[in-house]
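Enquirer: Position chain B against the provided structure of chain A, taking the given hints into account.
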Amino acid sequence: MSSIISISGVTKTYATGFKALKEINLDIERGEIFALLGPNGAGKTTLISIVCGIVNRSSGSVTVDGHDISKDYRAARSLIGLVPQELTIDAFETVWATVNYSRGLFGKPPNKDFVEKVLRDLSLWEKKDSKAITLSGGMKRRLMIAKALSHEPRVLFLDEPTAGVDVELRQDMWAMVRRLREDGVTILLTTHYIEEAEAMADRVGVINKGEIILVEGKAELMRKLGRKQMKLELRAPLAALPESLSRYALELSADGNQLTYTYDNQSDRPGVASLIRDLEAAGVQFRDLDTKNSSLEEIFVSLLRQEP
Amino acid sequence: MNLRAAPNFRAAPNFRAVWAIYRVEMARAFRTVLQSIISPVISTSLYFVVFGSAIGSRINEIDGIAYGAFIVPGLMMLSLLTQSISNASFAIYFPKFVGSIYELLSAPVSYLEIIIAYVGGAATKSIMLGLIILATAALFVPLRIEHPFWMIAFLVLTAVTFSLFGFIIGIWAKTFEQLQLVPLLIVTPLTFLGGSFYSIHMLPGIWKTITLFNPVVYLISGFRWSFYGKADVSVGVSLGMTLVFLAICIAIVAWIFKTGYRLRN
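Protein chains in written order, with this note's numbering: chain A, 1 to 308; chain B, 309 to 573.
Chain B on its own, in the form it takes in the complex:
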């Protein structure tokens, strides 16, 4: 074996490693199918029963959309955000916790490849989940999707962005408690207050302004626009804010990898 005979060796990306990691991550999802796929479907169905049917029957329409249908994009986003974060953060935290991360760090893989594999795996899972929730929702309420391309675009972009965010949390966390902290204390409240269940135009004056500082508002608004053509804020702003958050996450990840923060120290 003469490695120096292969001058491109150094530059050659290790696609096999990306594939190997991705496959393990997907296998984990199917192994824990009850936890990772079925349970979110059940909890989303419960939202429909409670908010869509029980309470929703007393709410007429929002922006001319039946309440049950109105909450579908928000519910998908809710799952997409929480699942992307928990999938990705757990995927990188767990090997750190049990110590098996040594293998990843000693392997000939670049940081970019590690990111693509882990974030790709986590995002794939949450996108699948989002689509399953969409299918579940279709059983309860009449749906229409006016801009399918943008619907998919928002779905993928959000899944990738928040998987990246989850990856950062997973690297940062030193304990299981910390791992839960950000999703529980920040992401869930922001999502609930981000207009999943209401239009922000329904809020009293000052709260409407405060809400605009919540990044999740832009995600949900843009996503809902792709379904019904109605948005709380303009779609361009939604897209822009999502990209800004993605850029911030990429910058943080780049810094982590440059310094070896909590990985190689």
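Only chain A is shown next, with the shape it has when bound in the complex:
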């Protein structure tokens, strides 16, 4: 069994009748970084909260490393560290006290050296005797991570880890996540920033309106659904496309000054090189050329559009 978290048939209907999750099936592989991508209100936080035991599910089952989250909740929960989206800490506790508290809460024996290491890794050691209320937003965020890591979890959940976080901290956080992965920690992060998934994830799951639309390796997803585009700025406007170029899927802009060639990464049959040769042969000259990969963002947006 290689998956560390196995979610099957999980649904959640809130007391208001709102169906937050409609039958979720998802497996998280051991040691991977999995990004759960979806717009606000898609059900990301609800799903994470169910796995962590914060919210009761309406139906379905979840196991963490083979432990059922209801029957065997102690074993299941002790494997997970959760960094929630909101900065929710007891403001009057010191950094040192609150991180040690978290460790105790998860049943781990006191280990000053380990807690010190966690705080140093997150650049919080200097602040260990400060009360949480005196910390900046970025430090509070790191404190939340320190609390989640204090009990040496095998799975780390990061719920919208970089929402409202500055660029520097975001880079630090990504680096930290990669370090954790090297230590064998499985990471599940939710985000609605696609660049985050693109920068970090091994696999991406897209969730929308309480349903998982797709789960795919990030590279395959980009390859399968990704498109490449080449834009050519022409020297002189063209009235119509020359007949000799008809085998290429070319688009001519309205003013005739720009040609756009869209091709996918998988089958580059009519290659870019041959297009350029054919353009030359047809006497079409261009001033500039630009190619770009479609980003995960564009893939994501097009996926959501396909949804009814």
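Please keep in mind that the hints were generated in silico from the structure rather than gathered at the bench. Treat the numbers as computed from the prediction; the structure is a model and nothing was measured. Incorrect hints may appear among the rest.
[To be verified] Computed list of lysine-lysine pairs in DSSO-like fashion (alpha-carbon distance at most 27 angstroms, straight line):
#	chain 1	residue 1	chain 2	residue 2
1	A	127	B	404
2	A	71	B	566
3	A	292	A	231
4	B	404	A	140
5	B	404	A	128
6	A	209	A	22
7	A	22	A	71
8	A	128	A	117
9	B	404	A	131
10	A	292	A	228
11	A	131	A	108
12	A	127	A	108
13	A	140	A	108
14	A	108	A	71
15	A	228	A	218
16	A	19	B	482
17	A	127	A	140
18	B	404	A	19
19	A	140	A	128
20	B	404	A	71
21	A	292	A	218
22	A	218	A	231
23	A	19	B	566
24	A	19	A	71
25	B	404	B	566
26	B	404	A	108
27	B	566	A	22
28	B	482	A	140
29	A	131	A	117
30	A	128	A	112
31	A	140	A	112
32	A	209	A	19
33	B	516	B	538
34	A	22	A	218
35	A	127	A	112
36	A	108	A	128
Expert: The following block gives chain B in isolation, referenced to the frame of chain A:
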């Protein structure tokens, strides 16, 4: 780390979590020492000055006990009840309010462990407070405790019961207003009318009967008996009523935890 190699893992209670929560709760009490310890001592001293000395000097004795001494058990109960409720309700409401409860809910702790830690913390604080008030009272009036064992038993039982009650209020409350509502509108009046400052035998006929529906009467009566050997109602009934209320609170808590009421929904 192979957790499945430890077959007892699932059954093993998480004592470390209980200790961690308990310690945080006690630390809060010492951090807010002015509010949680000194201010009740001051207000109790004021009761002694006003009721014990100023007014009490005009009241001879009740059941053969000097008035100043007579009110000591009632005053202790008054603080014990209000402090147990406010300590426990605040302890669980506050994390709910700021959102830090997520950590407790995601931790490998059982409901029983959560209860033991929070109620234990709240009860410890109010018991300490009760003893401080007792010591303060000893400065004002001559005290005697005829049944020390039962005095401690009533003290602990009441502290635990009302901490549990406070815990329920803390889980039920959605706003700070609701949090204050029950203590203010129900518990304080019941305590004042529960015979803290008088013997219920002093009440006119019908009120004496009505008073018997007030559960606090039994607590105060039993507690006062442990001091002076005199009670408004029999000690067995006092003890029984306290245990009944404890049982009701336990039943409600069990239901809350079974359904996840206002915690996991």
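Enquirer: Against the structure, test the hints numbered earlier, and report the numbers of the ones violated in rising order.
Expert: none
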